[in-house]
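Position chain B against the provided structure of chain A, taking the given hints into account.
Protein sequences appear in the order of chains A and B.
Per numbering that gives the first Met the number 0, numbering through the first sequence is continuous, rising by one, with the last residue being 720.
Per numbering that gives the first Met the number 0, numbering through the second sequence is continuous, rising by one, with the last residue being 720.
Among the hints, erroneous ones may be present.
One copy or any two copies: either way a pair holds, since identical chains are not told apart in the list.
What the hints assert, rightly or not - Computed list of lysine-lysine pairs in DSS-like fashion (alpha-carbon distance at most 30 Å, straight line): (1) Lys-365 / Lys-344; (2) Lys-680 / Lys-701; (3) Lys-624 / Lys-646; (4) Lys-59 / Lys-343; (5) Lys-113 / Lys-344; (6) Lys-365 / Lys-649; (7) Lys-646 / Lys-455; (8) Lys-343 / Lys-113; (9) Lys-93 / Lys-468; (10) Lys-113 / Lys-365; (11) Lys-624 / Lys-455; (12) Lys-649 / Lys-680; (13) Lys-240 / Lys-93; (14) Lys-624 / Lys-649; (15) Lys-468 / Lys-160; (16) Lys-413 / Lys-223; (17) Lys-223 / Lys-701.
Derived from the structure by calculation, the hints contain no laboratory data.
Protein chains: 2
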Amino acid sequence: MNDDWKSDLQILFNPRSIALIGASESSSRSRAIFNNLREFGYRGKIFPVHPTRGEAFGLKCYPKVTDIPEVVDAFIIAIPRDHVVTALEECAEKGVKAGVIISAGFAEASPEGKVQQDRLTEIAEAAKMRICGPNCYGVANIYERVALLLGTDVRHVQPGKIGLVFQSGGLLNLTLLAAWDRGWGVSHAISCGNEAVVHVTHYTEYLVRDSRTQVVGILTEGIKDPERFLAVARLAADREKPLIILKIGKSEKGIKAAQAHTGTLVGSDAVYDAVFKQHGLVRVHDLDDFIETVELFSKRKRLGGGRLGFIAPSGAECGLIADIATDAGIDLPELPAKTVGRLKKVQSPFLSIRNPLNAPEQYTRKEEIFNECIAALLDADNLDIVGLRLPLPRMREDRDVVSRFADLAEAGKKTEKLLIVFSRASVSLPEYWRRLLREHEIPFLLEYRKGFKALKSLLHYYRFIDRDKASLDSGIRVGVNLSKVKGLLRSRGRTLTERQSKQILAEYGIPIARESLATGAEDAVRIARDIGYPVVLKIESPEIAHKTEARAVEIGIRSDAEVRASYGRIMENVRAYNSAAQINGVLVQEMIRGGREVIIGMTQDSQLGPTIILGLGGILVEVLKDIAMRVAPLTRFDVEEMLAELKGAKILQGFRGEPPADIAALIDITLRFSHLCLDLKHDIAEIDINPLMVFENGQGAKVVDCLMTRLVVEPRDDFGS
Amino acid sequence: MNDDWKSDLQILFNPRSIALIGASESSSRSRAIFNNLREFGYRGKIFPVHPTRGEAFGLKCYPKVTDIPEVVDAFIIAIPRDHVVTALEECAEKGVKAGVIISAGFAEASPEGKVQQDRLTEIAEAAKMRICGPNCYGVANIYERVALLLGTDVRHVQPGKIGLVFQSGGLLNLTLLAAWDRGWGVSHAISCGNEAVVHVTHYTEYLVRDSRTQVVGILTEGIKDPERFLAVARLAADREKPLIILKIGKSEKGIKAAQAHTGTLVGSDAVYDAVFKQHGLVRVHDLDDFIETVELFSKRKRLGGGRLGFIAPSGAECGLIADIATDAGIDLPELPAKTVGRLKKVQSPFLSIRNPLNAPEQYTRKEEIFNECIAALLDADNLDIVGLRLPLPRMREDRDVVSRFADLAEAGKKTEKLLIVFSRASVSLPEYWRRLLREHEIPFLLEYRKGFKALKSLLHYYRFIDRDKASLDSGIRVGVNLSKVKGLLRSRGRTLTERQSKQILAEYGIPIARESLATGAEDAVRIARDIGYPVVLKIESPEIAHKTEARAVEIGIRSDAEVRASYGRIMENVRAYNSAAQINGVLVQEMIRGGREVIIGMTQDSQLGPTIILGLGGILVEVLKDIAMRVAPLTRFDVEEMLAELKGAKILQGFRGEPPADIAALIDITLRFSHLCLDLKHDIAEIDINPLMVFENGQGAKVVDCLMTRLVVEPRDDFGS
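So here's chain A without its partners, still in its complex pose:
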């Protein structure tokens, strides 16, 4: 089903005429909707519709929408649930192409409501009606002054570059208050409710394609059409329009609570997180971070690097800034000698010239000196960003601050660097500050911690945008014999044996430990001699997935005699464990020593397909859950970011004098693994490479153990595990 028409929302956001269904001066909802339209300045025609009233709001009232003698572009419905389907059918009949259904009581409320909502979807799909809702506050187009809204006040909102798509109307309202506070310009404000027809994805696509919208802020409980959404995210990245997303329902509790609200399928949050990273979405985790991040991104500049210079009016504050920047991982380099020299001319001789720059007198003395400090940092070779703290006197308007802010805005326009003004904490902004923020295009961040977090997101965003485009391809050409691989997959049980699993890996050029299957003790001795001692012996049986549990693994075997003894013990243990197990033989394997343990795994996400995890073996994975996740296919950039994400990354880089591990080999193997996962996404449910041993730089890596589980479960026989 082609959904493209749902992203073509011009008629919803800028209708020439609107039918107000359920118009009645005696209904407070109806009055609120009408007032919103009128007071926000809607310039098109409004047609009240009501079954019995002749007039509403001074306008002629029609019994049905089909009675309106003129073209109707859109409707807004806020009538009791049980009348909505009929009203919508009439709209379809009339040929109305868009509208908002405010009414609630649908999928969010009960199974019966779900049935009614499905009916709305059917009617709309058939008539290609772009419908917002039900169970929503509606939409507003701030530029064209169209407010199809209940319960949201947009009268104070200025037009501008920020588009807002919120599943929750209440949280949208709060964000619009922040917009007012911070002097934001907004292009569209959308409360999308149950998304019976038009989804978050379609609104986002519309906003990304809208030339006036430069940043999109999204709040959602889950994405209904993830593949399409990711395509929109790619479009947004191409156009350098950041998508800032607050996805609710990341905790189990949160999922339960959110599900109480709409009928959206809430996928695994970790998978969302992974694909968001892969697509350059800027994820935030609460509303305050959302607000600071939108503020910064709406006034962003293209950044070459993340080196920050800072000016503050006291040593204590410089200390606080340095502490918080260190926590946030923001780089505050020492100032170059040239900059220090220049600052010495204007700074008090008692103050040391450092970064952050303690410049108390510059804040109280002449404007020119203050500006010279800023200019000196803006000229410093090793800085990309200049931050400074401006006080927020609230009791009265401070002319110095007003002119200082105007100067900064000027300086900000002239420089290629990013100039940011910070406040120390989140405090109420007086009207004159709001005016300054509206008038001048300079980022103003409340509170250092939140501000630095937003800055970190901006740096990460540009790292994503500027990633080597060549790295988007894995760069790996695997010449796989797919029919051979599919043959290996024709296994008896649900899990493949270790040997089968490794043979598949080997087909993809993933190096595995030397090994061979022995069918008798003497055969094992022969293989062991060939491989060289010490060796490892493991049972090879499709019925025995948990070999350690079956006591069917022996390591550190050093001689022919030990091989014979071990072979016997393993056979004995296996027979005791599962007397009916089919035994293919015993795998004799080189014993890998040295190297760092890595785990690579794959599971299938119901919506997004093969999901790949990477982690460091042992307690880092098992106790600290230190893994990175992405969805296949992986790019080289993805794998590099995954490695950087690991808390134990230092183990690979080498610590305590250890040489670094062969990270290039690890990346190559992970990319090959990604190819494998995509090729076999309809065949394999899970893969566990545990461990992959990664040797010193230049020495490569080898898979020691691997387990694959097939996706299609064939009728289990008696021996099935």
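Frame of chain A, contents of chain B only:
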């Protein structure tokens, strides 16, 4: 030197008369100081002092403070630095007992300024003058309307229970703005500057002893007299007056930046963090958290537990709350059946009744139903705290919200549970909200994330206050033969040998691995047989601290023959490594297998003495720096908290079916170690127990290796390492 008089600050905060030194209507600083005093409502006498003027501010002016014919209790000085010493000498002569020195240019500025500041300290100490500053904004006593201040406006600040001690005047100003915003009552506001005489410690003690002050908020770069400060912290804990502290300079950058400001000795932040925890100080890391934490603690209730019930007006918001609470580690238990039954009567049948409670209609429908929801949660058996979100309409005053807030304040008074109102984000508060917050004693927290963090601090505070008082003693009686221990310490080199170190541990009842010193190969064989194979052989030499480096350790030795061979190799390696090393023999040790590796260590802090660290061996310590630190002596409560702090705590509790480790033995050993550290604090600089192997529950633990370094370095001989 007895400093008690410095905490007796009545005369500074409530002087009957004040000399304004450097009074002049033509100086803006002098005008500001006078206006502050007058406008804030000072009721005592003011004596302007100026060398040449006959009159200032309509009052008779005296050439010197000694010319004033009446008693002068306090002074305020804001004259150029080089005149301050003389002025202070005159104050001493006049017998003035307190005062504020605003002037800057002292220790914070230059070595020469430091000399002048030392002179101020001398004069004040001799005359027992309680001096605030220099380089400060001064002090205000809000109850008695005394403002000895420059650059800080306290006219809007209401009297109340919060005392503020800030090293930075600028950050104090910001906090006073927040106080105004949030309707706080403040008892004293103090900007203490360079602390030449009265320190943060003394102000804090004064505030803890002040009956009107119930919470003290502190911002500092470091504590000058840590021992006394900790005594004050104990007093505060006894009186259940929380000290909330923002200590600046935790990062290396932050320390540098902060040092640029005052001359305070900035100790190791990790040690501060440790003693703060041990003394129940509530540490925050930025100003926003400081503000939310002070807000909550100033309206705190004694909590029995931390189980939170929450009410919000939409499902999306419930999801957001659950996510953030999960992040913060706040428990949101399911509601009991009885509560669910009660809520079913008022809730829409379409909504599931969960915690957080999605109650949209209760927010818009009748007051009684809203109150019934709150009452139901307040009555729920398994909740200790009830939180709810109130909207913050700002465009206009909302009568519903005003009356709702008043109802809540009533309900809050009646219940023993803590009732908290939350806003979703940090937005500007309109005047009518500020009025509500001033009028009603109910905590109001901005932004869920910060609010939950503050709540977590409150829970931790009460866990500290309610800790088993019996556990304050270690509960361990060690019958140590101290003269034997001191004998063992008479070692030749700077480091003790492993055997000497372990003998000292053994004296404190700390179990060590079985071992004995062999003086020849056959002796080693005899010992090995006695201990039982496998064994470990290690060189025992005061000159060889790094045994592995010297290849003087061999493990897993399984037979008499192997012992002989190993003994020979070790001797050979040691001679090659250091031919002149004194060799006591070879230590033959049982080889410990199984058990979890723990590291226990001690270092000396220059200010606070023996500092103890505890961590899990291997990569957790080496890569992730996962250690907990406290200052000796440790209480059982301290050790339990240390264990809970470790990221890898799960390893001790047992995971993947492993049984738990013998945590009781680990606690016992750590407490014995604390006794050792205290007894030997003048003898030992460092101790490293690495590893202590902790066995399964009930099986105890054993020290495998230990290294002690003596504190007093004797003249090194040629063999010294």
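Each hint, compared with the structure:
| no. | hint | in the structure |
| --- | --- | --- |
| 1 | Lys-365 / Lys-344 | within (14 Å within a copy, 67 Å between copies) |
| 2 | Lys-680 / Lys-701 | within (23 Å within a copy, 51 Å between copies) |
| 3 | Lys-624 / Lys-646 | both (10 Å within a copy, 11 Å between copies) |
| 4 | Lys-59 / Lys-343 | neither (75 Å within a copy, 44 Å between copies) |
| 5 | Lys-113 / Lys-344 | between (72 Å within a copy, 24 Å between copies) |
| 6 | Lys-365 / Lys-649 | neither (49 Å within a copy, 59 Å between copies) |
| 7 | Lys-646 / Lys-455 | both (18 Å within a copy, 25 Å between copies) |
| 8 | Lys-343 / Lys-113 | between (71 Å within a copy, 22 Å between copies) |
| 9 | Lys-93 / Lys-468 | neither (49 Å within a copy, 79 Å between copies) |
| 10 | Lys-113 / Lys-365 | between (67 Å within a copy, 28 Å between copies) |
| 11 | Lys-624 / Lys-455 | both (24 Å within a copy, 24 Å between copies) |
| 12 | Lys-649 / Lys-680 | neither (32 Å within a copy, 35 Å between copies) |
| 13 | Lys-240 / Lys-93 | neither (37 Å within a copy, 71 Å between copies) |
| 14 | Lys-624 / Lys-649 | both (16 Å within a copy, 12 Å between copies) |
| 15 | Lys-468 / Lys-160 | within (27 Å within a copy, 60 Å between copies) |
| 16 | Lys-413 / Lys-223 | neither (44 Å within a copy, 46 Å between copies) |
| 17 | Lys-223 / Lys-701 | neither (40 Å within a copy, 57 Å between copies) |
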